[in-house]
Amino acid sequence: MTQERRLHLKLLAGGVAAAAFAPAVLAQSVAQQAGGLNKTDTRAVPLPAVGSAFPLPASIPLIDGRTLHATDLKGRLVVLEYWATWCPFCARQMANMEQIDKDHGPRGLVVLGLSIDKQAADVLPYVQQRGIRFPVAWMSPELAKVLPKPAGLPVTIVIGRDGRVKRAESGELFPEDIASIAHYL
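Sequential numbering of the sequence shown, starting at 76, is according to the numbering used here.
If you're looking for bench data, these hints aren't it; they were derived computationally from the structure. Predicted model only: the values in this text are computed from it and were never measured. Any given hint might turn out to be false.
Here are the simulated DSSO-like pairs of lysine-lysine, each with C-alpha atoms no more than 27 Å apart in a straight line [stated by the list, open to error]: (1) Lys-149 / Lys-241; (2) Lys-241 / Lys-177; (3) Lys-193 / Lys-220; (4) Lys-220 / Lys-241.
The following label-pair restraints were derived from C-beta to C-beta distances [unchecked claim]: (5) Ser-255 / Pro-181: 29 to 35 Å; (6) Ala-257 / Glu-217: 14 to 20 Å; (7) Gly-206 / Ala-257: 27 to 33 Å; (8) Trp-161 / Glu-217: 29 to 35 Å; (9) Pro-223 / Asp-147: 32 to 38 Å; (10) Glu-217 / Glu-251: 16 to 22 Å.
Here a beta-carbon is modelled for each residue, glycine too, at the ideal position from N, C-alpha and C.
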């Protein structure tokens, strides 16, 4: 057998072994990453069930110094949007959330952004640069106790006028999915 042929057979055998071994390595890697996420994101909770009651806190301090009160939201369709300044999917979704808030705010829809950034100081400049006008709060440890973040980003929870969850999704939504939120009005 020629030296070149031996090399080809070794490469082929190595490729077959790697292909057989790769799924196990990938599965182990995913399991380790998931375990790591669970350890570091201890505040993550499951998405609320559609139809379940979703009480909002009596007051929510906003990044612009104002306070949003539960009474301000009573009888309105509330879209809670968990996001972060470092999340590219959130950035795309925020523009669509701004648009639905602008288009349907007069009909009783309000988007409430909940930033999970580590530093509150990072949030206001981000919001101002992007022209976001809906209310935004920073998830302080105190606020996280009453509005814990479900796993994933962005996370969108739609709370009906009756205080019950109409929709709860983790991950980026398409623009048409965001626009469809208005049908809950």
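Each hint, compared with the structure:
1. Lys-149 / Lys-241: Judged against 27 Å, a Cα distance of about 15 Å means the pair holds.
2. Lys-241 / Lys-177: holds (20 Å)
3. Lys-193 / Lys-220: Distance ~15 Å between Lys-193 and Lys-220 Cα, so the pair holds.
4. Lys-220 / Lys-241: Holds - the C-alpha atoms of Lys-241 and Lys-220 are around 22 Å apart, at most 27 Å.
5. Ser-255 / Pro-181: 29 to 35 Å: 18 Å Cβ-Cβ, so the 29 to 35 Å window is violated.
6. Ala-257 / Glu-217: 14 to 20 Å: Hint violated: Cβ distance 32 Å, outside 14 to 20 Å.
7. Gly-206 / Ala-257: 27 to 33 Å: Violated - the Cβ-Cβ distance for Gly-206 and Ala-257, about 21 Å, lies outside 27 to 33 Å.
8. Trp-161 / Glu-217: 29 to 35 Å: Violated, at about 22 Å.
9. Pro-223 / Asp-147: 32 to 38 Å: violated (22 Å)
10. Glu-217 / Glu-251: 16 to 22 Å: violated (36 Å)
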